[in-house]
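Start from the sequences, fold in the hints, and give me the full structure.
In terms of the working numbering, the sequence shown is numbered consecutively and its last residue is 94.
Be aware that a few hints might be false.
Below, simulated DSS-like cross-link-like pairs (lysine-lysine); rule was C-alpha separation at most 30 Å, straight line [as the list claims (entries may be wrong)]:
1) K3 <-> K83
2) K19 <-> K8
3) K86 <-> K3
4) K19 <-> K3
5) K86 <-> K8
6) K86 <-> K19
7) K8 <-> K83
8) K83 <-> K19
Because the hints were derived from the structure by calculation, they are not lab data.
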Amino acid sequence: MKITLVKKILVDGSPCAKCRDVEERLEQNDQLRFIDETLIADERDSESPGMQVAREHNVSRAPFFLVENEDAEPQIYTVYFKFAKEVLEPMTN
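Okay, structure coming up:
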């Protein structure tokens, strides 16, 4: 399984507040260790890696998590709590 976190940089160059909150929550819960890759969706650059992934998966919200398993279609989670419950919780039990 590969987990990618996509977080956003706003047009003014500041980090997305919700993205920062989710990243802090991941740190506090010792869950960052499960994130294999972090991509930046920079609103100032439509070709930034995070923007490309968002387009490819038709996601318009950030942050989001892309979960890729070899045997299944990639899953997108735009809600941290759902991602934590369905993906991270089983990994820690």
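Taking the hints in turn, this is what the structure says about them:
Using a Cα cut-off of 30 Å, the hinted pair K3 and K83 holds, with the two alpha carbons roughly 17 Å apart. About 9 Å separates the Cα atoms of K19 and K8, which keeps this hinted pair within 30 Å; it holds. The straight-line distance between the Cα atoms of K86 and K3 is roughly 17 Å, inside the 30 Å bound, and the hint therefore holds. A distance of roughly 22 Å separates the Cα atoms of K19 and K3; the hinted pair therefore holds under the 30 Å criterion.
Distance hint between K86 and K8 is fulfilled; the C-alpha atoms sit about 20 Å from each other, no more than 30 Å. Taken as a hint, the K86 and K19 pair is honoured in the structure, with Cα atoms around 19 Å apart against an allowance of 30 Å. Pair hint K8 plus K83 holds up; C-alpha atoms about 17 Å apart against a cutoff of 30 Å. Of the pairs offered as hints, the one joining K83 and K19 holds, with about 15 Å between alpha carbons and a cut-off of 30 Å not exceeded.
Hint check: no violations occur; every hint is consistent with the structure.
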